[in-house]
Amino acid sequence: MTSAPATAPPGVPTDDADPFAPDVLEDPLPLHARLRDAGPVVYLSRYDVYAFARYEQVNAALTNWQGFESGAGVGLSNFRHEKPWRPPSLLLEADPPRHDAPRRVLSGIVGARALRTLRERWAAAAEDLVDQVLAGGSTELDAVPALAQAFPLRVFPDAVGLPPEGRENLLPYGDHAFNAFGPSNDLVAKGAPRVAELSAWVNARCAREELAPDRFGARIWGAADRGEITYEQAPLVVRSLLTAGVDTTVHGLGAVLYAFATHPEHWARLRSDPRLARVAFDEAVRWESPVQTFFRTATTDVAITDGVEVPAGRKILMFLAAANRDPRRWTDPDAFDLSRDPSGHVGFGMGIHQCVGQHVARLEAEALLTALARRVATIELAGPTRRHHNNTLRAWESLPMRLREA
Amino acid sequence: MNGAVPANVVSLEVVTKTREADGVVSLMLARPDGRRLPDWTPGAHIDVVLPTGITRQYSLCGDRFDAHAYRVGVLREPDGRGGSAYVHDVLAPGDVIGVGGPRNNFPLVPSTSYLFVAGGIGITPLLPMIHQADLLGADWRLLYGGRARESMAFRDELSAYGDRVRVVPQDERGLLDLAAFLGAPRPGVKVYCCGPPPLLAAMERACAAWPPYTLHLERFVAKEQGAPARSGPFAVELARAGVVVDVPPHLSVLDAVRAAGVDVLSSCRQGTCGTCETTVLAGRPDHRDSILADHERAAGDCMFPCVSRSCDDRLVLDL
Ligand code: FES
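Respectively, the protein sequence lines represent chains A and B. When we follow the UniProt record's numbering, the leftmost residue of the first sequence carries the number 1, and every step to the right adds one. When we follow the UniProt record's numbering, the leftmost residue of the second sequence carries the number 1, and every step to the right adds one.
Keep in mind that the hints were calculated from the coordinates and are not lab data. Warning: the hint list may mix true and false statements.
[What the hints assert, rightly or not] Only part of the chain A face toward chain B is listed, based on derived beta-carbon distances under 8 Å: (1) A94; (2) P97; (3) A101; (4) R113; (5) T117; (6) R278; (7) V279; (8) I352.
[To be verified] Residues on chain B that point at chain A, a partial pick, calculated with CB under 7 Å: (9) P107; (10) Y161; (11) G162; (12) S266; (13) S267.
Yeah, the Cβ is synthetic: ideal placement off N, Cα and C, and Gly gets one too.
With the hints as constraints, model all of the structure from the sequences given.
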């Protein structure tokens with residue numbers, strides 16, 4: 001980060017907003033609208049980075065891995081000049097050719113096809129959880145801990161093959177990892193005291209002997225046995241699952257539950273056609289964008305529009321959330337609408353880095369929503385909601401809800 | 001077949017056609033609108049649908065960092081069924097052909113040490129692998145055999161790598177000495193070979209004593225895909241919705257199903273992401289995706305309706 005006030009090149013509008021300030025994290029939508037309207041690319045003077053907020057440019061930047069690399073880090077920090085806080089991810093923070101083999105292996109293990117065998121087990125787990133939550137008729141609960149966190153924490157660590165102890169470390173570890181993509185502000189400072197301990201716990205869980213046989217983690221090690229990745233890569237690929245697989249899903253579930261609590265007509269619609277569960281989840285991912293932003297670094301001068309380019313070596317900040325509500329791409333983008341086709345949203349990214357765990361998240365959401373739709377007639381907010389702030393994620397801290405049994 | 005290119009395949013223009021050796025031409029392919037092509041990894045191949053309706057598979061041998069062009073090398077096969085002869089004799093720059101994929105059944109696994117063995121046109125999938133190995137600073141060598149020097153393509157490109165590359169024309173120096181090239185079995189080395197069946201068989205024998213998972217082969221028989229299954233319309237029955245949808249040639253199954261009011265989630269719409277995966281209850285899908293492995297394609301129990309079609313008049317889907 002440069003300290004001198006920097007200026008934008010000609011033709012690029014400047015904005016001095018701090019996208020990681022508390023008021024923006026509380027409600028990012030006004031900033032997103034302002035950046036979209038300012039132009040296809042905007043210079044953010046506070047951090048000396050370029051920003052894309054329109055769908056067209058975000059989508060293009062995500063797919064253009066040749067022009068916008070990930071290997072220099074997908075956060076604000078530039079790994080070319082700064083040492084990362086942990087060894088870089090082989091998936092998220094790597095480019096081809098280094099990215100190829102880890103990606104191929106992991107997408108085989110958590111791809112849609114491989115998950116078929118989990119479908120029934122997760123549906124049963126969701127029924128169980130909903131039974132438990134509803135025991136006693138009409139229920140008031142905080143949907144964040146009771147549903148959005150509870151369900152992934154029930155099924156995902158088992159699927160990875162983690163031992164039961166210490167799973168409570170997963171959420172704070174992920175929360176810190178996603179904060180660390182932003183500037184070193186108070187959110188990062190808040191996580192700092194526990195970083196060493198949490199990292200040590202997560203890293204230890206990536207070892208082969210810690211992981212139950214025939215689960216995702218063991219299968220990653222199995223790929224190393226076959227030479228598809230190296231033994232040095234295996235624990236880092238396991239770590240990717242543990243970092244990226246929990247918080248994101250929790251916040252995606254929070255988003256879809258909040259959407260239904262505030263759109264009763266859509267809840268009724270889901271109940272009459274539970275096959276809409278998957279569409280509902282993707283629409284919620286579009287609408288709330290649990291992963292709000294990621295950075296890339298220009299490998300060369302990259303032309304954005306006529307006469308405007310991002311100079312080589314500069315960071316760009318892609319506002320996935322703003323792209324997902326860009327009226328140039330979506331009709332009535334601020335509406336959560338089950339009749340919309342949310343296909344093409346960039347909430348899971350696009351291109352070679354598109355979220356490798358998206359099928360896991362969808363399957364979890366489908367299981368939970370289907371179980372809820374069977375038992376719950378109405379969902380409504382039962383008190384004031386509270387946001388959870390994170391430099392990268394849009395999340396809820398608390399969603400008090402009233403569930404009425406059918 | 002009358003030249004109808006199936007709707008699920010992108011149309012690419014032949015930008016250049018270059019003679020690479022006796023009996024070998026290379027084609028550069030690009031989208032007529034200049035947009036990006038789907039990403040690929042070394043070892044990947046594409047399905048090429050010629051205007052005659054013949055579908056052939058060719059390894060991508062260009063630069064993966066160039067998102068706007070694919071390069072394939074095509075050997076004239078005198079005993080072939082007309083695909084390579086068409087490419088050599090008829091196809092010209094400016095022509096448009098259909099391309100499906102890319103898919104990769106021959107991926108490069110990470111290693112610090114590679115031995116590459118190519119027989120004839122089998123050099124094509126190895127070219128981008130070599131580039132990648134070199135980029136990563138791996139220790140690698142190539143043994144490249146062919147009938148005669150003049151028939152061995154891409155020798156100029158390979159000459160840039162100096163003595164890492166050994167070119168062995170059979171008429172000058174006889175058959176490849178695999179044992180000498182491979183040396184004693186040792187762990188950590190990955191061996192990649194592509195070429196005619198006798199070479200592959202010889203490699204299997206030569207690597208028998210090496211650790212498991214050392215040898216990676218690509219059976220380079222340019223298989224006839226049995227043609228894009230059908231150029232006419234077919235029907236898709238949506239079992240759960242209880243409707244039958246007609247799919248005309250210009251519409252994807254996905255779009256036809258959505259037009260009938262049944263939701264299928266999609267994302268990439270090019271058969272690479274897996275979002276639209278659908279269970280097939282009856283009928284044989286005509287797979288056009290880049291996801292399934294060969295045994296999964298053969299099983300025929302699922303398909304990706306954004307690109308895949310039907311071999312039969314009627315396909316029954318779990319929708
Ligand atoms: S939408 Fe991506 S495979 Fe069909």
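Per-residue hint verdict: A/A101, partner chain B, C-beta under 8 Å = 5 Å, holds
Hint status (Cβ of B/S266 to nearest Cβ of chain A, threshold 7 Å) = 5 Å, holds
Does the nearest C-beta of chain B fall within a distance shorter than 8 Å of the C-beta of A/R278?
-> Because about 5 Å separates A/R278 from the closest Cβ in chain B, which is inside the 8 Å limit, the hint holds.
Given B/Y161 as an interface hint, is the shortest Cβ-Cβ distance to chain A below 7 Å?
-> Status violated, d = 17 Å.
Under 7 Å, Cβ to Cβ, is where B/P107 needs to be relative to chain A, so tell me if that hint holds or is violated.
-> Check passed: Cβ of B/P107 comes within 6 Å of chain A, closer than 7 Å.
Do the numbers back the hint for A/R113, that is, is its least Cβ distance to chain B under 8 Å?
-> At about 7 Å, which falls below the 8 Å cut-off, the nearest Cβ of chain B leaves the hint on A/R113 intact, so it holds.
A/P97 as chain B interface residue, shortest Cβ-Cβ below 8 Å | 4 Å, holds
Hint check: is the beta carbon of A/A94 less than 8 Å from a beta carbon of chain B?
-> 11 Å, violated
Interface restraint verdict for B/S267 against chain A (beta-carbon cut-off 7 Å) = 6 Å, holds
Taking 8 Å as the limit, does the beta-carbon of A/I352 come near enough to a beta-carbon in chain B?
-> 5 Å, holds
Does the nearest C-beta of chain B fall within a distance shorter than 8 Å of the C-beta of A/V279?
-> Cβ of A/V279 sits 5 Å from chain B, so the hint holds.
Would the stated hint for A/T117 survive a check requiring a Cβ distance to chain B of less than 8 Å?
-> 14 Å, violated
Checked against the numbered hints listed earlier, the structure breaks hints 1, 5, 10 and 11; every other hint is satisfied.
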